[in-house]
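Protein chains: 6
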Amino acid sequence: MKILVINPNDSNDMRLLIEQSCREVAGQSTDITVVCAGAGVASVEGYYDGAIAQVGVLEQIQLGEKEGFDAYLIACADDTGLYAAREIAKGPVVGIGEAAMHYASMLGYGFAILTAQAKSIAVLANNASAYGLSQHCRGIFAACMPVLALEDLTSDERERLVARAQAIIEQSNAEVLVLGCAGLTQQQTYFSQQLGVPVIDGVRAGISTLEGLVKNKLVTSKRNTYLR
Amino acid sequence: MKILVINPNDSNDMRLLIEQSCREVAGQSTDITVVCAGAGVASVEGYYDGAIAQVGVLEQIQLGEKEGFDAYLIACADDTGLYAAREIAKGPVVGIGEAAMHYASMLGYGFAILTAQAKSIAVLANNASAYGLSQHCRGIFAACMPVLALEDLTSDERERLVARAQAIIEQSNAEVLVLGCAGLTQQQTYFSQQLGVPVIDGVRAGISTLEGLVKNKLVTSKRNTYLR
Amino acid sequence: MKILVINPNDSNDMRLLIEQSCREVAGQSTDITVVCAGAGVASVEGYYDGAIAQVGVLEQIQLGEKEGFDAYLIACADDTGLYAAREIAKGPVVGIGEAAMHYASMLGYGFAILTAQAKSIAVLANNASAYGLSQHCRGIFAACMPVLALEDLTSDERERLVARAQAIIEQSNAEVLVLGCAGLTQQQTYFSQQLGVPVIDGVRAGISTLEGLVKNKLVTSKRNTYLR
Amino acid sequence: MKILVINPNDSNDMRLLIEQSCREVAGQSTDITVVCAGAGVASVEGYYDGAIAQVGVLEQIQLGEKEGFDAYLIACADDTGLYAAREIAKGPVVGIGEAAMHYASMLGYGFAILTAQAKSIAVLANNASAYGLSQHCRGIFAACMPVLALEDLTSDERERLVARAQAIIEQSNAEVLVLGCAGLTQQQTYFSQQLGVPVIDGVRAGISTLEGLVKNKLVTSKRNTYLR
Amino acid sequence: MKILVINPNDSNDMRLLIEQSCREVAGQSTDITVVCAGAGVASVEGYYDGAIAQVGVLEQIQLGEKEGFDAYLIACADDTGLYAAREIAKGPVVGIGEAAMHYASMLGYGFAILTAQAKSIAVLANNASAYGLSQHCRGIFAACMPVLALEDLTSDERERLVARAQAIIEQSNAEVLVLGCAGLTQQQTYFSQQLGVPVIDGVRAGISTLEGLVKNKLVTSKRNTYLR
Amino acid sequence: MKILVINPNDSNDMRLLIEQSCREVAGQSTDITVVCAGAGVASVEGYYDGAIAQVGVLEQIQLGEKEGFDAYLIACADDTGLYAAREIAKGPVVGIGEAAMHYASMLGYGFAILTAQAKSIAVLANNASAYGLSQHCRGIFAACMPVLALEDLTSDERERLVARAQAIIEQSNAEVLVLGCAGLTQQQTYFSQQLGVPVIDGVRAGISTLEGLVKNKLVTSKRNTYLR
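Protein chains in written order, with our numbering: chain A, 1 to 228; chain B, 229 to 456; chain C, 457 to 684; chain D, 685 to 912; chain E, 913 to 1140; chain F, 1141 to 1368.
Check each hint, because a few of them may be wrong.
Okay, derived cross-link-like pairs now, DMTMM-like style, lysine to aspartate or glutamate, Cα gap no bigger than 25 Å in a straight line [to be verified]: (1) C:LYS673 / D:GLU843; (2) B:LYS443 / A:ASP156; (3) C:LYS546 / D:GLU854.
Derived by calculation from the structure, the hints in this document are not laboratory data.
All chains should be built: construct the whole structure from the sequences, respecting the hints.
This is the structure we're talking about:
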């Protein structure tokens, strides 16, 4: 099974973090390639960045189709270009925001999302609503840090983020925390230990979801909406 | 990884079919045990059957906890006893209806569910609503056959069911079909070939979903609702 | 008219309180019998307790059918086993949570629910949503006291509960308070006097709702979902 | 207990039918007065009629307050002036559409409404949505007969209406039928016998609901919205 | 193009303020007449006032039809008598609450409404829900001042209102503010300057919306609901 | 007032049709420029086309900002790139699908949308849901003709389309028709005459909506989501 993971953020450091998470969770027979979208958006923060970055995401998927990938993961919490990607891929496509929210809804009564910037709240909220999962979403909160800063937290920054997450959980009565930024992908274990609730990293959730769909021999429906 | 699969229907024939599907989809390192709930309900058709069968489901999970299972699959499309099960299990618990609907929402714009009996429509519809997925559900349709009859279809019966599924898809404009009965678990491939749309078997979807959750080191939140 | 009231909590003290409320509100020609479910759950707190207790509720209804009861009240705020009960009863079945919420929606713009334990919040919220009444529900709050402690409040405890209820009303801008625990059934008058808003006790609301349904000659539909 | 029933339709024939239904269902100690609104609207068909008729409804309630009525029933299926009425009445106020829909939601999985004129469909649908009950409403269908014609059906007309109701139930898979016009109040028994599903007459449902609220010592909340 | 603006509040001072706003925003070829409803309600605060005032609104529209007006604006934030008005007018009818909320939904992610009295919150919330716009509405807040006091604010009162609006925006994370009272119609510019977010005055929004509908040659549909 | 209209479809013929509609509806002092997006998508049919075309839309808006445009209309019924556009424009941005649906919700109880291709149904449905207007949308139906074919209908094709629209209205009980494709912009008058219900052309609706917003001195909120 060959999975192509596309990082809409053109940051090689983030790409490496994503790759590490993918390797930690993927099965032995899963062959994972992680690329940046290459659209020139260093970090996707809000709708405009997403609109530009998604062209790169789609190009990578077109290349991926030629190389015979079985499935695609869009590794940005706002699921950049998800629906368009489904039109051009034969295999399944999921976004890390989508995968994380679906997992979260099966583990507790209500989840909260911690994202990088306040600008992304609307994007994530609209996605949650489109997926049907907003009824499980108790709130989306911003760390108010740049996406790229989340990749390489100092110890102090990390503790502040954990404290922020703790406050979010208490304020919203969420029972699960979703890490709403690929930059936090390597923080799942630490956050989970500190917070005492399930903490979901969409990168890992996305890889596992795709592995499941492929093992189920499921592909994107080409009956109408996603027919190219 | 040890997964306990519980068939709320006390039918050994169905248990064997479920076991076969589990084996077909599970990873090599996944150790799967399939048991019947043992509550004396031959086939779960509607709310009363579900209420009785769930006591057996919960007993199996309590036994499973003693034996150290990592995760649990409830193998009836109405997800018998799902929330209660989450209270007594440390690891994740999913139902085959739930798993199938989540997968379906990622593969096409709208899914339809084919269930055995009209009595189950309300159960599945209320579940879809509770999961947040009713906005993706274009309709739930009954084969109007007893659950146990679906285990062992004659060739004629199977063709009639395929024709029924085809009509459902056209009538509802669904792009994905969910098999809403564990008795149909071995029909996924054939239905998929005949219908030309993704067909989801909750048993397979459930095993893959649980494998993913366990690989993600995710467990049921014990912060409040599912704390015992 | 013969009404069977079933207390899913196996507490005789609570049964007596419930009986007292029933007598206070019932019409002269209404013959009320109050029994405990007998499933061995001393107090229903959360989904697992409810799953076990409902088997006792259903057994009592089956006995009740043999004895010719006209209607059934499930006297726990989480409406234990409500849908399953409708399948085996000819006459109407209502739960005290359901009855209270329906009444509340007709008396003010938005209600709040005061329940015993935080674990029950999800159960009540999911019920409110299934009944369609979550749009009127401004919040569900826990007294954070065991269910059985609510039966026999000291004067201090009662004042603290009233103060908690007052705070809930102000915080949520609710205009009506629902007592979300049968253990509070005898507190309606006192709470109402102290709080200055309508306070609804589901036990009384349930008896009156059933009396109404029976006088209307209405029974549970056996067209499909509740056909046994 | 004194209940004032207000018929927004200025038809004395309909008033007499309503009075008959009230008497058939009310308790012995309930003293019922039925009046017409007196606003000059012979039959309420749509929003404009309702806007005019509600002034009469409100005047009757003001008179009723002076005469010490305990509760008020608005006897038109579109619940003419319901919220405004709650502002000027101390006791509870319900509408027959509201009462019928609440009852219907407790008796089966989904109800259909049979109303007189297509113009009323929007009114009833908006009300169902405001009450939270649209998720239980499978459809609202018009008899396409004037409201006043429903008061005095010929045998042929009645059979055609029953056939229409039967078709509505089958088409919508409703399990309960709501008579969405006070003109049909005397048809409940006959329709119920012919259709084999619970048939709800809002007049009866409304009287019983009010009796229940009064026995529960519940009044309209004056905390904010309904404070005059 | 002739537009009739009807002020449901029988206040000539408010009528003059409304007229001023209309003139400021209307096109050169738009002929605007502003009248009071004349139903004797000095200021509409809540459902009862609205019910009485709407009869006056409807009478003015009937007069307007005789005089050949092309469109109608109902100049009270609770859109007094809106649906009924559509039944008797050939041209389009909009309410200032409705117009403002539609505009708000196109200018930012979520709006808040500042109204005069807490009693109006339910009215506005129910309207937002009926229009479909409650998902964009982050909260409705009361100035807790009488409607008529808003017409003629002292400098201190105005500053307090601005501070209240600022707090509302921060608390609710709204990105747009709707002035939920015609009495505030002349405050749009000042509030907008002070608050730094778009501030919408429904009077202006309503005039522009009607001008647009008329230029589009659009009238109220007479297919069913609004057919007289 | 200077409005830039951007046609995401790179068809000069369609651009000219759009320009004609704009001129027919715009005020005298409105200066309208119509351009194609220039992203190389001849006609936008579905999510992938939209993703590619939106980059061109955004480039045109960036150029427009330099040239001092006051407002922007995205002239494709799927509102290509709408949210991203709001981030880079100071003035208001609306889409023709959005503008048409808002107008429709003010003119009748429920609208239907006639679009070109079945693939666009999901796009329009998701948009309606995001705007909050799906509760007013009775159905979205495809003409099953290529977008560009709609520009230049033969008389026969036009009659077939009118017949299709008539059937849609009857089947869905819609009271208003939305033309869900810019290619139909010049058909509003004819369709309206033939169908007897209000027919909304988003191009005209969009121009009028923008003129209104500008006259109201309203701009896109830069408080958070649309801050660049």
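| query | Quick one, are LYS546 (chain C) and GLU854 (chain D) close enough, alpha carbons at most 25 Å? | reply | holds, 22 Å
| Holds or violated: LYS443 (chain B) with ASP156 (chain A), Cα cutoff 25 Å? | violated, 29 Å
| request: Measure nothing beyond the straight line between the CA atoms of LYS673 (chain C) and GLU843 (chain D); if it is 25 Å or shorter, mark the hint as holding. | output: Judged against 25 Å, a Cα distance of about 22 Å means the pair holds.
Violation of the numbered hints given earlier is confined to hint 2; every other hint is satisfied by the structure.
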